[in-house]
Amino acid sequence: MKYLLSLAVRSAWNRKLTLGLTLMSIALSVALLLGVERVRQDAQDSFAQSVSGTDLVIGARTSPVQLMLYAVFHIGDATNNIHWQTYKDIAANPLVAWTIPVSMGDSHRGFPVVGTTTDYFEHFHYGESEPLTFGSGKPFAGLFDAVIGAEVADHLGYRVGDKITLSHGMGDIGLTEHADKPFTVSGILARTGTPVDRTVHVSLEAIEAIHLDWQGGAKIPGFSIPAQYASKFDLTPKEVTAILVGLKNRAGVFKMQRDVNEYHTEPLLAVLPGVALDQLWQVVSVAERALLAVSGMVVVVGLCGLIAVILASLNERRRELAILRSVGARPMDVFLLLSAEGLFITVSGILIGMALLTALTATFAPIIQSHYGLMIAPRFVSYDELGLLGIVMGVSLLASLAPGYGAYRLSLADGLTPRI
Amino acid sequence: MANSVIQIKNLAFRYPVADNVCLDIQELHANAGDRIFIYGPSGSGKSTLLGLLGGVLTPERGRISLLGHELTTMSPSARDRLRADHIGFVFQQFNLIPYLSVTDNVLLSCRFSSRRHSRAIASGNGLHDEAERLLDHLDIAPELRHRPVTQLSVGQQQRVAAARALIGRPEIVIADEPTSALDAERQSAFLDLLSRECIAANATLLFVSHDRRLASGFTREIALPSLNRAQAAQEVA
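Here the protein sequences come in this chain order: A and B.
Going by numbering that gives the first Met the number 0, 197 is the number at position 198 of the first sequence; the sequence numbering is gapless.
Going by numbering that gives the first Met the number 0, 43 is the number at position 44 of the second sequence; the sequence numbering is gapless.
Since the hints were made in silico from the structure, they are not lab data.
If you want the footprint, here are the derived chain B segments under chain A, 3+ residues with CB under 8 Å:
{"#": "1", "stretch": "72-84"}
{"#": "2", "stretch": "108-117"}
Calculated Cβ distances over 12 Å to all of chain A for the following chain B residues:
{"#": "3", "residue": "Ser3"}
{"#": "4", "residue": "Asn9"}
{"#": "5", "residue": "Glu26"}
{"#": "6", "residue": "Gly123"}
{"#": "7", "residue": "Ala229"}
For clarity, every value in this text was computed on a predicted model and none was experimentally measured.
Glycine residues also receive a C-beta, built at the ideal position from the N, C-alpha and C atoms.
Just chain A, with the same shape it has in the complex:
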């Protein structure tokens, strides 16, 4: 048995080039499979953690998914806004600890602009209850101050003190600019890996101010109020788009939700962010499953390569196997010889693949983080991944038995003189 193993090793070493290539192809497929799985997992995690600590998200009545889309991800438009009085009522509710009003509808070069209060920087949490922190600068204080997310700053190369102009509406081109009222970047938030990175934050009053000389979504022709006079007007917001609410006691969340949903003056919707995020994830998970299927296919191709190489080498090894047979090796020995090789190749392929992936994530995690806002933590194999690796192992075990069985049959049929 021991001698058989040493024979297998020496035989494999003799064919190291082909086997090395097979090994690499398995390692690469395993790295790809695990890599996709991890990106998928991390994407889901960072998605689920786009907002935390917020007990309810409240907006005009619509679908929960759509409310989450515009209130948290700033994608799409609100169907309706909430009156300022309603906001004040909700904020005054005894169950409520804090509120963050958000007002949307403007953008800056494709990035959404959110009007809010400084409570945002205090109460908005993401990830495992992590607060927002400033990479540089400070919250907005003046009327025309803006706080930008890390990606906005990176992408557009902004620093504290730079002047920016907002555009009316969402999108990138063909928008009317609020060019008469430029903003000054007062702070840049540290990267969070959430939609906050892509957002420009200004005060609710600023949103009012830039729309003073607007009516019905368009600038009033021949009429303009210069920026320096804007503060003379009453800038109390008339409407907000959504409200993020933190409760004093989480136990009150369902009562609060019911109260809001049954609010008399206007139709409202309150959703639990976790539940809505899960629903939202269901929508995008088709793409995620497609990814997983692709990487599964890659592994299958890698294993097919393994079988192909071993089966092809079987023919050139017929002489070697016949010699072993002639000196007394049993068909079972031949079977073990080939199966051991296949097993060894797949096990080391998997190990190398995992090492490769760890090295790659360690190297590229910062780049991925800064380019895609996706945090990929280098980590040991998770339980789910073990299952995945188990499947790969099982398939490859079967794959390596097939050539072994082939050799077994061949060595019986060939007798001592293979017909080549």
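Assemble the complex: chain A is given as a structure, and chain B must be docked to it using the hints.
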């Protein structure tokens, strides 16, 4: 017949997919120390006969007994063991495993047979000494023994294969056209070496060839086409 080594009686063999019987032998019998030359053109059933003797093929009917063991009633693994313990093979060419050294190739026989392993140790001062002794006898210079076997000439490779067949003193040595890749001069030199070592080990040598000119120096000569009734029947038909 106390010292009967090979005994074949009323043997017939047919390949699984073939219609006709390929080999049909009434009787073949060899004693210890016999050196039998079996010749026949290709297709006369030489390889089949060797496969049957080696226990990797099983006959349709009849009996093959080696050293008193009835092959046809043994399990496949018992036949494998019998072959490992008592038969040394030399093939036409490519006898050696390319990734093993010369000495390891010779010792391969002892790896799968503990009997030959212990007999090789008993006959000399140790396993490696016995391999060296045989290689000396078969004119493999010491400096060749550490080279990869692929760098040896065909003649040298065949002599290494002979050493492997002989180590551990198996009772039977079967050579299947071992000289066909050699030129005439080396053919007879190889034959002489092989015969000499078989005599020294008192082994029964079965030498199979299509070339009848090599027959000198053997104790007996058998023409396979006349021995094989299946072949004769086909030629008549």
